Amino acid sequence: MLELETDVLVAGGGPAGTWAALRAADAGADVVLVDKGWCGASGATAASGTSVWYVEPDADARETAMAAREGLGGYLSDRGWMARVLDETYAGVNELADRGRYPFPRDDEGREIRRGVQGPEYMRRMRTLVRRAGVRILDHSPLTRLLTTVDGVVAGAAGTRRQVGVDYRVRAGAVVLATGGCAFGSGALGCDVDTGDGALAAAEVGAHLSGMEFSNAYAIAPAHSSVTKTAYYSYASFYRADGTILEGAGSTRGRSVIARTLLDEPVLCRLDHAGPTEQTAMRRGQPNFFLPFDRAGIDPFRDLFEITLIAEGTVRGTGGIALAAPDCATGVPGLYAAGDAASRENICGGFTGGGSHNAAWALSSGSWAGRAAAAHALAGGRPYPTTGAGPVPSGPTPVRDVVSAVQAEVLPYDINLIRHGDRLGPALERLDGVWDTVREGLDGGSWRAREAAAMTAVARWMYTAALAREESRGMHKREDRPGSDPAWQRRIAVGGLDEVWVAA
Amino acid sequence: MIELLSTDRCIGCDRCVDVCPTDVFDRVPGTVPVIARQGDCQTCFLCEAWCPVDALWVAAERTPLAAPPAEDDVALGSYRAALGWGQGRTPGARIAIGPPLIHEPGDPPGPPLV
Ligand SMILES: Cc1cc2nc3c(=O)[nH]c(=O)nc-3n(C[C@H](O)[C@H](O)[C@H](O)COP(=O)(O)OP(=O)(O)OC[C@H]3O[C@@H](n4cnc5c(N)ncnc54)[C@H](O)[C@@H]3O)c2cc1C
Ligand code: SF4
Ligand code: SF4
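So the protein sequences, as listed, match chains E and F. Counting in this note's numbering, the first sequence runs from -16 upward without gaps. Counting in this note's numbering, the second sequence runs from 300 upward without gaps.
In short, the hints are calculated from the structure, not lab data. Among the hints, a few may not be true.
Computed footprint of chain F on chain E; a stretch qualifies when at least three of its residues, placed anywhere within it, have a C-beta under 8 Å from a C-beta of chain F [said to hold, decoys possible]:
no.: 1; stretch: 26 to 37
no.: 2; stretch: 170 to 177
Sample of chain F residues at the chain E side, in silico, Cβ under 7 Å [as the list claims (entries may be wrong)]:
no.: 3; residue: Thr321
no.: 4; residue: Gln341
no.: 5; residue: Cys343
no.: 6; residue: Leu345
no.: 7; residue: Arg361
no.: 8; residue: Leu364
no.: 9; residue: Ala381
no.: 10; residue: Pro390
no.: 11; residue: Ile394
no.: 12; residue: Gly397
Predicted, not measured: the structure shown is a model, and the values here were computed from it. Don't be surprised by glycine CBs; every beta carbon is placed ideally from N, CA and C.
Using the sequences plus the hints, can you model the full thing?
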């Protein structure tokens, strides 16, 4: 057993976790960061790269930026949070350029263009920044549970160092959960590590979730590959197998047409709206977009290639741990949440945060959570943990069986993307049964069992909220409840483990 | 999926063992690492990017190939080169200016060019 003590413990080393660790260390706190994978290469951003909601502090530009997605999000977002995210992101990205020496590209006048980052480069710089700030990093060390005092104050966390086979316990004055979203092991780029572990741990100590009905983001990828990078499909046409155009299909709003078609037949694609200039720019902009093509001998600008839609759950969806205050406190004393682990409704409403908002949110919420956790810990000290909420017991059922059972309910387009109460209801009942199996115990190691349990819990919250929202709004579209109902212009909270509850 | 670890090229630095987010490689005392859990590979290409001597190859497929390709048949190091990582290269991030994303959500694209 490795025993450590610190002011702030950050779980997760993607953008949200690294910004949290950096800000906490800058505030004078002692910081330990634990990551399931390797901080700097793990998580959705490291593998992909992101456009960032980086908007000059000009009143008109900011107004346009805030108004742009309000309608798509079903008017569930909040201007106050948006304005704060735009300010924090602007400052943070500028700091990444200056302090992090990130090599942003330059325009014709030599001014840096700071509206996007390549994932591998961004995250390797963040690891360096975090280490230089004195943060102690434990890689390959998934958190498996939070530790609390008898009064329910969060006082640290426990986990396992999977490469050395030793458990750890960190006593801490505050904990930031930045463990990413939950993509249900769907195979989306970089997302297999994102299994909702933070949401489960938070719920076990009394936190709840919000926006879980908006957790059904699906991304386009070449059918054989993991590369769910979607921006350049705005230059695509979509075809049926016989070569005729698939009417109504599109990379954004036409995605449900693609999904419906994929239920019965293959969908082909070609980036045939890109001329030579765009083609060169694409190769420079996102080299990883081309890996599945180059390595399979496909010319995406000339050849038709088969595509699929891969679920990204709450990674590019929007639901997550509900925040109780502007500093990203969860309402449970000593516990903060940031990035995809937290609900992004404040800036996205019910729409996806992909394509700039999520990256800005990870940076901003991470920064706020890190600062607040440091202040909390430096003022309140390091309480002694007395209990730890629910590890999954060892038992007969293989972890893989549970994961497959959850995937069978959450990945199919005709349950999760194309929604209907008649399909969501029975799926939720089956998921409740999976939860009972989890409770009886799983065979497959502590952190793997936690992943399976977390996916099950997230799936149940997702469908509970989807059934509760008796309308269509944002990315939540129900065939049996078409159209938005003004009475439902409010958020839905869910929580609970054995007994799932919902409140609107 | 990760398909190749070139034992000829590998210098045994174990960096792939560290960086792989899903813990696919195992250290081996006294020699180079092995691909121990291919089935856990999430096809993120990051081991390739981080390997200092271009000894790794990740196929684009999300499922294992019937047999790994021959080393001479694949462009070892091509992703690292595209990222501009490695001595003497310009970071790819420095020139990463993509095309304008002209089609906002919901907009129909123009007519195809080919
Ligand atoms: C292909 C793709 C493209 C995207 N493009 C864009 C874009 O252009 N613009 C945009 O705004 N957003 C985009 N997104 C979304 C964006 O990547 C995420 O919102 C962002 O990565 C969230 O950061 P995060 O730190 O919260 O989570 P992540 O980056 O996913 O990091 C989570 C970290 O937590 C760790 N972790 C998980 N469980 C545990 C545990 N139990 N214990 C310890 N550590 C744990 C993981 O190993 C990982 O390092 C994209 C996502 C994908 C998949
Ligand atoms: S990173 Fe490359 S050189 Fe280092 S051990 Fe792995 S394969 Fe060998
Ligand atoms: S591609 Fe990614 S998941 Fe697969 S072995 Fe390499 S680093 Fe690991």
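Structure-based check of all given hints:
Counting residues of the stretch 26 to 37 of chain E whose beta carbon lies closer than 8 Å to any beta carbon of chain F gives 3, which meets the minimum of three for the stated coverage. Judged by the Cβ-Cβ criterion of 8 Å, the stretch 170 to 177 of chain E is covered by chain F as claimed, because 6 of its residues qualify and three suffice. The interface hint given for Thr321(F) is met, as the beta carbon of that residue sits about 6 Å from the closest beta carbon of chain E, less than 7 Å. Because the closest C-beta pair between Gln341(F) and chain E is about 4 Å apart, less than 7 Å, the hint holds.
A distance limit of 7 Å between C-beta atoms decides the matter here; for Cys343(F) the minimum to chain E is near 4 Å, and the interface restraint holds. For Leu345(F), the interface hint holds, the least distance from its beta-carbon to any beta-carbon of chain E being 5 Å, beneath 7 Å. At about 5 Å, the closest approach between the beta carbon of Arg361(F) and any beta carbon in chain E falls short of 7 Å, and the interface hint on this residue holds. Given hint, Leu364(F) at the interface with chain E, is violated; its Cβ is 11 Å from that chain's nearest Cβ, farther than 7 Å.
About 4 Å separates the beta-carbon of Ala381(F) from the nearest beta-carbon of chain E, less than 7 Å, and the hint is met. Interface restraint check for Pro390(F): the shortest CB-CB distance to chain E comes to about 4 Å, inside 7 Å, so the restraint holds. Residue-level restraint check for Ile394(F) holds (minimum Cβ-Cβ distance to chain E is 5 Å; threshold 7 Å). Nearest Cβ of chain E to the Cβ of Gly397(F): about 2 Å, under the 7 Å cut. The hint holds.
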